[in-house]
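*Asks:* As a plain string of letters, each chain reads:
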Amino acid sequence: MAAGELEGGKPLSGLLNALAQDTFHGYPGITEELLRSQLYPESIASADMDFNQLEAFLTAQTKKQGGITSDQAAVISKFWKSHKTKIRESLMNQSRWNSGLRGLSWRVDGKSQSRHSAQIHTPVAIIELELGKYGQESEFLCLEFDEVKVNQILKTLSEVEESISTLISQPN
Amino acid sequence: MEASSEPPLDAKSDVTNQLVDFQWKLGMAVSSDTCRSLKYPYVAVMLKVADHSGQVKTKCFEMTIPQFQNFYRQFKEIAAVIETV
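In order, the protein sequences belong to chains F and V.
Just so we're aligned: the first sequence equals residues 0 to 171 in numbering that gives the first Met the number 0.
Just so we're aligned: the second sequence equals residues 0 to 84 in numbering that gives the first Met the number 0.
Just so you know, these hints were derived from the structure itself, not from any lab.
A portion of the hints provided could be inaccurate.
[Claimed, not checked] The calculated lysine-lysine pairs, modelled on DSS-like cross-linking and capped at a C-alpha distance of 27 Å, are: (1) F:Lys132 with V:Lys47; (2) V:Lys24 with V:Lys56; (3) V:Lys38 with F:Lys77; (4) F:Lys77 with V:Lys24; (5) F:Lys77 with V:Lys75; (6) V:Lys38 with F:Lys148; (7) F:Lys62 with V:Lys47; (8) V:Lys58 with F:Lys63; (9) F:Lys132 with V:Lys38; (10) V:Lys58 with F:Lys132; (11) V:Lys56 with F:Lys83; (12) F:Lys77 with F:Lys62; (13) V:Lys56 with F:Lys154; (14) V:Lys56 with F:Lys85; (15) V:Lys47 with F:Lys77; (16) F:Lys80 with V:Lys38; (17) V:Lys47 with F:Lys85; (18) V:Lys58 with F:Lys148; (19) V:Lys58 with F:Lys154.
[To be verified] Just the calculated beta-carbon pair ranges, DEER-fashion: (20) F:Ile167 with V:Ser36: 41 to 51 Å; (21) V:Thr57 with F:Ser168: 30 to 40 Å; (22) F:Glu161 with V:Val55: 24 to 34 Å; (23) F:Asp70 with V:Lys56: 52 to 62 Å; (24) F:Glu158 with V:Ala49: 48 to 58 Å; (25) V:Ala79 with F:Lys63: 41 to 51 Å; (26) V:Gln54 with F:Lys77: 50 to 60 Å; (27) V:Thr57 with F:Ala59: 46 to 56 Å; (28) V:Gln54 with F:Asp145: 30 to 40 Å; (29) V:Phe21 with F:Glu54: 37 to 47 Å; (30) F:Thr165 with V:Asp20: 20 to 30 Å.
Glycine included, C-beta positions come from ideal geometry on N, C-alpha and C.
Chain F extracted, bound-state conformation (with noise of 0.2 Å):
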């Protein structure tokens, strides 16, 4: 059990841990000995246990001689209620070594000026990405795009769009 604790938990149980003193300050009997032994493991294992799966777990750990109490389980799986969604994406992050969309604004101008003599009235959206890695500074990307560019993106995302459909679709 020990090992398999060590074994490249250290973020996840950083996190429960913050999250655990925050919720169970004083609950008795939950002390973090009791959640590092019974829960972290399996958290661990699992960033998409469900939450059948997590009571499963808790009951036959209150059936286990030196396991938990049925009230120390209900407060266990309530943690994990509310908490489960956060747990997850920190896991997505710190496990994305590229950098992420963090916000997207836009506006459309209405261009009417131009270098040449002749006046163009072309429309054109402007886009800024904000970008970046898992514990670093934004980084701004600001794009040009005029009504044509913008259909050609739309279908790309439409591709995008049907690509996970057909994912979603298809049992795992």
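With chain F fixed as given, assemble chain V onto it according to the hints.
*Replies:* This is chain V only, laid out in the frame that chain F set:
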């Protein structure tokens, strides 16, 4: 992620780039050293952008599926607006 149809008063980047190429892939993160069972899909994008001088740079980033859907939705909004201008 914020959607903004108000003009940002000052863009944080001074240089406006042209998009030269947009490549994408749909990936699935399976496992990592911090988590044995990740199982989340993501969209990875590689942009080639050119500044005013013509210099081309590559920018890569990833989006979760909800982030991608928001990204797509905003582009649709942009298209709708640019059509009417």
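*Asks:* Determine for every hint whether it applies to the structure shown.
*Replies:* Against the structure, the hints:
A threshold of 27 Å between alpha carbons decides the hint, and for Lys132 (chain F) with Lys47 (chain V) the separation of about 18 Å falls inside it, so the pair holds. Taken as a hint, the Lys24 (chain V) and Lys56 (chain V) pair is honoured in the structure, with Cα atoms around 19 Å apart against an allowance of 27 Å. For the hint linking Lys38 (chain V) to Lys77 (chain F), the alpha-carbon distance of about 23 Å falls within 27 Å, and the restraint holds. Restraint check: the Cα-Cα separation between Lys77 (chain F) and Lys24 (chain V) comes to about 37 Å, which exceeds 27 Å; the hinted pair is violated.
For a cut-off of 27 Å, the pair hint linking Lys77 (chain F) to Lys75 (chain V) is broken: about 39 Å separates their Cα positions. Using a Cα cut-off of 27 Å, the hinted pair Lys38 (chain V) and Lys148 (chain F) is violated, with the two alpha carbons roughly 34 Å apart. Our distance criterion of 27 Å between C-alpha atoms is broken by Lys62 (chain F) and Lys47 (chain V), whose separation comes to about 58 Å. Our distance criterion of 27 Å between C-alpha atoms is broken by Lys58 (chain V) and Lys63 (chain F), whose separation comes to about 53 Å.
With a C-alpha separation of about 20 Å, the suggested pair Lys132 (chain F) and Lys38 (chain V) falls inside the 27 Å cut-off, and the hint holds. Between Lys58 (chain V) and Lys132 (chain F) the CA atoms are separated by roughly 12 Å; this keeps the pair inside 27 Å, and the hint holds. Taking the CA atoms of Lys56 (chain V) and Lys83 (chain F), the gap is near 38 Å; set against the 27 Å cutoff, the hint is violated. Of the supplied pair hints, the one linking Lys77 (chain F) and Lys62 (chain F) holds, its CA atoms being roughly 19 Å apart against a limit of 27 Å.
With a CA separation close to 23 Å, the supplied pair Lys56 (chain V) and Lys154 (chain F) stays within the 27 Å bound. A C-alpha spacing of about 34 Å is found between Lys56 (chain V) and Lys85 (chain F), which places the hinted pair above 27 Å, so the restraint is violated. About 46 Å separates the Cα atoms of Lys47 (chain V) and Lys77 (chain F), which puts this hinted pair outside 27 Å; it is violated. The hinted pair formed by Lys80 (chain F) and Lys38 (chain V) meets the criterion: a straight-line CA distance of about 19 Å does not exceed 27 Å.
For the hint linking Lys47 (chain V) to Lys85 (chain F), the alpha-carbon distance of about 33 Å lies beyond 27 Å, and the restraint is violated. This hinted pair checks out: Lys58 (chain V) and Lys148 (chain F) have alpha carbons roughly 18 Å apart, not beyond 27 Å. This hinted pair checks out: Lys58 (chain V) and Lys154 (chain F) have alpha carbons roughly 20 Å apart, not beyond 27 Å. Checked against the hint of 41 to 51 Å, the pair Ile167 (chain F) and Ser36 (chain V) fails, with Cβ atoms roughly 18 Å apart.
Look at Thr57 (chain V) against Ser168 (chain F): about 32 Å separates their beta carbons, and that is inside 30 to 40 Å. About 29 Å separates the C-beta atoms of Glu161 (chain F) and Val55 (chain V), a value consistent with the hinted range of 24 to 34 Å. One distance hint, 52 to 62 Å for the beta-carbon pair Asp70 (chain F) and Lys56 (chain V), holds here, with the actual separation near 58 Å. Taking the beta carbon of each, Glu158 (chain F) and Ala49 (chain V) are about 23 Å apart, not inside 48 to 58 Å as hinted.
Our hint of 41 to 51 Å for Ala79 (chain V) and Lys63 (chain F) is violated, since their Cβ atoms are close to 59 Å apart. Look at Gln54 (chain V) against Lys77 (chain F): about 54 Å separates their beta carbons, and that is inside 50 to 60 Å. The hint said 46 to 56 Å for the Cβ distance between Thr57 (chain V) and Ala59 (chain F), and at roughly 50 Å that hint holds. At roughly 21 Å, the beta-carbon separation of Gln54 (chain V) and Asp145 (chain F) lies outside the given 30 to 40 Å, and the hint is violated.
Our hint of 37 to 47 Å for Phe21 (chain V) and Glu54 (chain F) holds, since their Cβ atoms are close to 44 Å apart. Between Thr165 (chain F) and Asp20 (chain V) the beta carbon distance is about 24 Å. The supplied range of 20 to 30 Å therefore holds.
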